[in-house]
Amino acid sequence: MGSSGEKVVAVIMVGGPTKGTRFRPLSLNVAKPLFPLAGQPMVHHPISACKRIPNLAQIYLVGFYEEREFALYVSSISNELKVPVRYLREEKPHGSAGGLYNFRDRIMEDSPSHIFLLNCDVCCSFPLQEMLEAHRRYGGMGTILVIKVSAESASQFGELVADPDTKELLHYTEKPETFVSDLINCGVYVFTPDIFTAIQGVSSQRKDRANLRRVSSFEALQSATRSLPTDFVRLDQDILSPLAGKKQLYTYETMDFWEQIKTPGMSLKCSALYLAQFRYTSPHLLASGDGSKSATIIGDVFIHPSAKVHPTAKIGPNVSISANARIGPGARLISCIILDDVEVMENAVVIHAIVGWKSSIGRWSRVQAAGDFNAKLGITILGEAVSVEDEVVVVNSIVLPNKTLNVSVQEEIIL
Amino acid sequence: MKALILVGGFGTRLRPLTLSVPKPLVEFANKPMILHQIEALKEIGVTEVVLAINYQPEVMLNFLKEFEAKLGIKITCSQETEPLGTAGPLALARDKLIDDSGEPFFVLNSDVISEYPLKEMIQFHKTHGGEASIMVTKVDEPSKYGVVVMEEATGEVERFVEKPKIFVGNKINAGIYLLNPSVLDRIELRPTSIEKEVFPKIAADKQLYAMVLPGFWMDIGQPRDYITGLRLYLDSLRKKSSSRLATGPHVVGNVLVDETAKIGEGCLIGPDVAIGPGCVVESGVRLSRCTVMRGVRIKKHACISSSIIGWHSTVGQWARVENMTILGEDVHVCDEIYSNGGVVLPHKEIKSSILKPEIVM
Chain A
1 MGSSGEKVVA VIMVGGPTKG TRFRPLSLNV AKPLFPLAGQ PMVHHPISAC KRIPNLAQIY
61 LVGFYEEREF ALYVSSISNE LKVPVRYLRE EKPHGSAGGL YNFRDRIMED SPSHIFLLNC
121 DVCCSFPLQE MLEAHRRYGG MGTILVIKVS AESASQFGEL VADPDTKELL HYTEKPETFV
181 SDLINCGVYV FTPDIFTAIQ GVSSQRKDRA NLRRVSSFEA LQSATRSLPT DFVRLDQDIL
241 SPLAGKKQLY TYETMDFWEQ IKTPGMSLKC SALYLAQFRY TSPHLLASGD GSKSATIIGD
301 VFIHPSAKVH PTAKIGPNVS ISANARIGPG ARLISCIILD DVEVMENAVV IHAIVGWKSS
361 IGRWSRVQAA GDFNAKLGIT ILGEAVSVED EVVVVNSIVL PNKTLNVSVQ EEIIL
Chain B
1 MKALILVGGF GTRLRPLTLS VPKPLVEFAN KPMILHQIEA LKEIGVTEVV LAINYQPEVM
61 LNFLKEFEAK LGIKITCSQE TEPLGTAGPL ALARDKLIDD SGEPFFVLNS DVISEYPLKE
121 MIQFHKTHGG EASIMVTKVD EPSKYGVVVM EEATGEVERF VEKPKIFVGN KINAGIYLLN
181 PSVLDRIELR PTSIEKEVFP KIAADKQLYA MVLPGFWMDI GQPRDYITGL RLYLDSLRKK
241 SSSRLATGPH VVGNVLVDET AKIGEGCLIG PDVAIGPGCV VESGVRLSRC TVMRGVRIKK
301 HACISSSIIG WHSTVGQWAR VENMTILGED VHVCDEIYSN GGVVLPHKEI KSSILKPEIV
361 M
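Chains A and B supply the protein sequences, listed in that same order. Anchor point for the first sequence: position 86 equals 86 in my numbering, and the numbering is continuous, going up by one each time. Anchor point for the second sequence: position 95 equals 95 in my numbering, and the numbering is continuous, going up by one each time.
Treat the hints with care, as some may be off.
Claimed, not checked - Straight-line C-alpha distance at most 25 Å; calculated BS3-like pairs for lysine-lysine: (1) B:Lys356 with A:Lys376; (2) B:Lys206 with B:Lys119; (3) B:Lys42 with B:Lys70; (4) B:Lys138 with B:Lys165; (5) B:Lys196 with B:Lys163; (6) A:Lys403 with B:Lys196; (7) A:Lys246 with A:Lys167; (8) B:Lys31 with B:Lys42; (9) B:Lys240 with B:Lys70; (10) A:Lys314 with A:Lys293; (11) B:Lys196 with B:Lys206; (12) B:Lys126 with B:Lys42; (13) B:Lys239 with B:Lys119; (14) A:Lys403 with B:Lys163; (15) B:Lys206 with B:Lys138; (16) B:Lys144 with A:Lys403; (17) A:Lys175 with B:Lys351; (18) A:Lys262 with B:Lys351; (19) A:Lys376 with B:Lys351; (20) A:Lys148 with A:Lys262; (21) B:Lys96 with B:Lys126.
What the hints contain is simulated information worked out from the structure, not anything from laboratory work.
Turn these sequences into a full structure, and let the hints steer you where they fit.
Structure representation (structure tokens):
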């Protein structure tokens, strides 16, 4: 077994502003990793999970956002959790593995024995301690968190084949066209520092091939990777696929929930998953009430301490209410995220929606959607400072910031 | 002489363009919208322009420094901390607008494009001697707007009717006013509407006069009107200084091309096209009734009509882009793609055709 003095470092990849436009319109106002799920910024969930690892020395957030976008958050979370959290900005894209390699000096500062690599936009129970124990047992270079999904949805992800006894990674392929396996890559990994050697190996190999190709121009036309710079190394295609079946990589299967948070719709679904998890891990974070002294609460609900909810309102299930929001008399909220400073007025109804910062929902108005987390207009999204006037109905729509709705709309995107 | 330009807010109707740049800085006929107005004001001797804004003041202020120097006119900002409507900003800028001269000051709405006959308006104002003058323009569908009912001979305004259900007149408020300093005494520093609260009172005192705007008028605050407005503007340019328009075998109708733009062989450009600085239009391209913003590349054999192509975007080979397609900044339409009314937010790649009008986020 590993010695208890060994240090662990965690690296969380947070992406960047132009990397994904799928999180619009919310990403027009906030960096996706800072969007709240179950009352906490998205990146907070993997960070809290990392905190539970014994001997955690450092957490690095790596991304393309400007430093100032994360400065406040990083300093406050470091204080709150009493573990150093730092944001490292990638100047140019190096690929998912190249990014890790780019900061190897910082990561290896504390001479960690193990390095966790997590994607920020993954929603799961992050069984990191169990993964680390399993990894130590396997004795390989890396262990990948995997989960079984339905055969139809598997092709959206990296599919892998693992030995059922040794759990070794035998085969890995990214978004295949034909069915390979229903076991997929969750985007959470633990490595020993050998990973850096492996990544460097890919870079040098590519450099050699590039040099060779200069001799043969015919080959230059053929090569699929001719356009990739030598320091651009992708974890999936360049490390996991080639090293599968070589007794270097292993898998750890999670039986809990797992989702990717690529769209606002999924953020509402994942907020609900984390709220449900709170019921087991931190029930004190959830609200309760029966309508007598405080509002009626159904199911899992988070209400920020500074928010004001009228006792005649009925909230839940699956509702998250952020700081300084005001929920008026007789309001009904179901399956929604209410962001900071929102005002929901008397008798308004909000179902399957995300209501943006500083927005206002008028009296007897209704903001709702069918609740299909995967459809383009499956949940209604109101951007920052949107005003829905009294008695207006908004169904299955997306409204960009600073708009006022004085007539009802259905199935529309309002710029 | 002084002037106030009501710049206002978020320019949401001109999204996705205004997601990248505040509305007054969006170019119209290759010149920032607000510059058209500032130049017209400078021409008749206005020495100071106040911009009433409530959004992105830093971006505006940077732009203004550049133009203050170039134009030799003082430009300041008056920033609303809460939306003050169409009259409130005047009260907010009171100290900047009044000086000891007692001269009237202009108020312009930043979305309006016209020939700006401001000298004639000053003359009209002196002649009638009233407290306030407004420009009105004749429209086909007055009920979409606020109608100004006036006495034809003198121009004295009787009343304003907002979106009238029956015909009361066909002249609407063109958003260009010339006001005596005493008008400021009628405006409180709170959200106020100039059409609904201030002008009706001045009209009741028989102190408000309306002048019919000669020449074209357009509110270019939304894409459809922006495109129509370009046609009207270029028509007017043809009459006034046709040397600025492009000529050549590849040009049809009125076309404005920035001198740094390049146009390839075998193209047919026009009518009613504006091509901005640094654009590259490759060979065999057809452009009609469209605006191509700075830094755009239109690849070979593409065909674009009735659309606006945002800064630094590209349109692929053989692509067909039409019917009110609006591309935001840095949008790349792949080769052979068809866009029928696609409205595309910035930083997107269009890899599959948009068959009917749709917003692409």
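The hints, checked one at a time:
Taking the CA atoms of B:Lys356 and A:Lys376, the gap is near 16 Å; set against the 25 Å cutoff, the hint holds. About 23 Å separates the Cα atoms of B:Lys206 and B:Lys119, which keeps this hinted pair within 25 Å; it holds. At roughly 12 Å between alpha-carbon atoms, B:Lys42 and B:Lys70 fall within 25 Å of each other, so this suggested pair holds. Of the supplied pair hints, the one linking B:Lys138 and B:Lys165 holds, its CA atoms being roughly 17 Å apart against a limit of 25 Å.
Straight-line distance between C-alpha atoms of B:Lys196 and B:Lys163 comes to about 12 Å, which keeps the hinted pair within the 25 Å bound. A C-alpha spacing of about 22 Å is found between A:Lys403 and B:Lys196, which places the hinted pair at or below 25 Å, so the restraint holds. Between the alpha carbons of A:Lys246 and A:Lys167 the distance comes to roughly 12 Å, so the proposed pair stays at or under 25 Å and holds. For the given pair, B:Lys31 sits about 16 Å from B:Lys42 by alpha-carbon distance, which is consistent with the 25 Å threshold.
Pair hint B:Lys240 plus B:Lys70 holds up; C-alpha atoms about 23 Å apart against a cutoff of 25 Å. Note on A:Lys314 and A:Lys293: the hinted pairing holds, with a Cα-Cα distance of about 12 Å set against a maximum of 25 Å. This hinted pair checks out: B:Lys196 and B:Lys206 have alpha carbons roughly 16 Å apart, not beyond 25 Å. For a cut-off of 25 Å, the pair hint linking B:Lys126 to B:Lys42 stands: about 20 Å separates their Cα positions.
Distance check on the hinted pair: B:Lys239 and B:Lys119 sit about 19 Å apart at the alpha-carbon level, within 25 Å; holds. Only pairs whose Cα atoms come within 25 Å are accepted, and A:Lys403 paired with B:Lys163 is accepted, the gap being roughly 22 Å. This hinted pair checks out: B:Lys206 and B:Lys138 have alpha carbons roughly 22 Å apart, not beyond 25 Å. Distance check on the hinted pair: B:Lys144 and A:Lys403 sit about 20 Å apart at the alpha-carbon level, within 25 Å; holds.
Pair hint A:Lys175 plus B:Lys351 holds up; C-alpha atoms about 19 Å apart against a cutoff of 25 Å. Between A:Lys262 and B:Lys351 the CA atoms are separated by roughly 19 Å; this keeps the pair inside 25 Å, and the hint holds. For the proposed pair A:Lys376 and B:Lys351, the alpha carbon gap of about 18 Å is at most 25 Å, so the pair holds. This hinted pair checks out: A:Lys148 and A:Lys262 have alpha carbons roughly 19 Å apart, not beyond 25 Å.
Using a Cα cut-off of 25 Å, the hinted pair B:Lys96 and B:Lys126 holds, with the two alpha carbons roughly 22 Å apart.
Hint compliance for this structure: every hint is met.
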